[in-house]
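Asks: Single-letter residue listing:
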Amino acid sequence: MELQSRYDALQSEGIGLAVIFYDDQNAIQAFTEKWGIQFPVLSDVGSKVIKTYDIHNREVTPDTAFGDIRLYGIPYPGTFVVDRERHVVSRFFEKRYQERVTTASMLRRSGALLSPFQAHSETSHISVTLSASDDIVAPGNRFSLIVTVSPKSNMHVYAPGDHSYRIVRLSIDKPEFLRIHESVYPSSEIYYYEPLDESVPVYQQPFDLVQEVTIPMNDDVTKLASTPGESLIIEGTLEYQACDDEVCYLPTQIPLSWNLSWRPLVQ
Amino acid sequence: MMKHTNKVFKRKSPRVICWCLVVLCVLIYMAAAIQAQSVLPDVGKFGPQVGEVIPDFFLSDQHGVVRDLGSILGPNGALIVFSRSVRW
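Protein sequences appear in the order of chains A and B. As numbered in numbering that gives the first Met the number 0, the first sequence has no gaps in its residue numbers, which increase by one up to the final residue, 266. As numbered in numbering that gives the first Met the number 0, the second sequence has no gaps in its residue numbers, which increase by one up to the final residue, 87.
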């Protein structure tokens with residue numbers, strides 16, 4: 000269970016954890032004993048808290064055709080990340096059944112729990128460090144691949160905008176089964192180049208390109224994930240164009256590779 | 000002529016039934032596939048939003064001890080996870 004595997008790390012980071020189900024306390028006790036769950040699992044039998052939080056599933060009522068009475072009161076599954084003062088810092092609700100953002104990916108911005116996986120490469124224009132929110136993943140996980148780009152001195156690379164320079168771009172090529180989500184670019188700064196009287200959005204300071212990906216939950220992937228010795232190798236490309244104060248260099252492509260492990264699946 | 004009409008009528012009947020079954024099977028398959036692959040509705044607007052304070056709760060944990068939000072929070076906050084059912 001992904002949460003159980005992260006519980007120690009959460010405790011070291013001073014972050015509490017509770018999982019709420021709408022089952023009765025006996026069923027929850029049996030469940031936690033069976034799976035060796037150590038964090039608090041709470042019984043919201045009758046769904047009172049689910050309704051107070053206003054996240055009860057609107058489509059399931061006692062009258063719906065496929066909704067048998069067991070489903071009534073079920074929440075939309077999701078997680079609230081809250082601070083010490085109980086304010087919501089972020090929230091992650093499932094968009095597809097059985098696909099969940101990993102704990103580390105939820106906490107990526109705070110830097111807690113990031114995996115030790117790192118790889119480095121360099122060109123004459125930039126240094127690149129690859130990392131990921133998780134180095135152990137499973138089908139259904141939505142997690143983050145991170146490329147930290149550090150332009151070398153006097154160098155800058157180009158951010159999205161209305162210009163003709165090659166925009167820095169991370170693309171994931173393999174495996175084809177990965178679902179790639181929309182890229183999010185960090186904020187850039189404006190660079191004014193006097194000889195051409197142009198102002199262009201660039202990155203001059205180190206910045207992160209974060210690519211969220213989801214491993215789908217289907218039979219083929221589950222089979223791959225259970226194959227002994229099989230690891231998940233994700234390959235991609237970083238494309239960029241660098242210029243310094245005088246010269247622009249040709250657009251360049253760097254191959255990228257993340258080597259992650261499959262979480263052993265519970266049988 | 001009548002014989003011809005009867006023959007045509009008899010030939011059509013099992014074919015119509017056959018097609019109905021095929022269409023029915025396809026519809027059942029599609030309904031199951033849609034439900035299995037189904038994207039959840041956009042639930043972003045439900046529940047406490049970023050910046051809002053979440054409601055307190057008093058719920059029994061697996062040891063039978065009643066826990067409130069304060070007993071869950073750590074010095075750096077907490078993850079409050081709403082899951083489906085332990086049974087499925």
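These are calculated hints, taken from the structure and not from any lab test. Warning: the hint list may mix true and false statements.
Stated by the list, open to error - Capping the alpha-carbon separation at 30 Å, the derived lysine-lysine pairs in DSBU-like fashion look like this:
1) K33/A - K222/A
2) K173/A - K44/B
3) K47/A - K44/B
4) K44/B - K50/A
As the list claims (entries may be wrong) - Incomplete in silico selection of chain A near chain B, CB under 10 Å:
5) R108
6) V127
7) L129
Stated by the list, open to error - Label-pair ranges, simulated between beta-carbon atoms:
8) D53/A - G69/B: 18 to 26 Å
9) E58/A - V21/B: 28 to 36 Å
10) D53/A - P13/B: 50 to 58 Å
11) G73/B - P174/A: 43 to 51 Å
Just so you know, these numbers come straight off a predicted model, no measurement behind them. Cβ coordinates follow ideal geometry from the N, Cα and C atoms, glycine included.
Asks: Each hint: holds or not?
Replies: Evaluated hints:
A C-alpha spacing of about 24 Å is found between K33/A and K222/A, which places the hinted pair at or below 30 Å, so the restraint holds. Only pairs whose Cα atoms come within 30 Å are accepted, and K173/A paired with K44/B is rejected, the gap being roughly 34 Å. For a cut-off of 30 Å, the pair hint linking K47/A to K44/B stands: about 19 Å separates their Cα positions. About 14 Å separates the Cα atoms of K44/B and K50/A, which keeps this hinted pair within 30 Å; it holds.
A least Cβ separation of about 12 Å between R108/A and chain B goes past the 10 Å threshold, and the interface hint is therefore violated. With 10 Å as the threshold, the beta carbon of V127/A stays out of range of chain B, its nearest partner Cβ sitting at about 30 Å, so the hint is violated. Using the Cβ-Cβ criterion of 10 Å, the hint placing L129/A at the interface with chain B is not satisfied: the shortest such distance is roughly 26 Å. A hinted range of 18 to 26 Å holds for the C-beta pair D53/A and G69/B, which are about 21 Å apart.
Remark: the range hint 28 to 36 Å for E58/A to V21/B is upheld by a beta-carbon distance near 30 Å. With their beta carbons about 55 Å apart, D53/A and P13/B fall inside the hinted range of 50 to 58 Å. A C-beta distance of roughly 37 Å is found between G73/B and P174/A, which places it outside the suggested range of 43 to 51 Å.
The structure does not agree with the numbered hints 2, 5, 6, 7, 11 stated previously, though it agrees with the rest.
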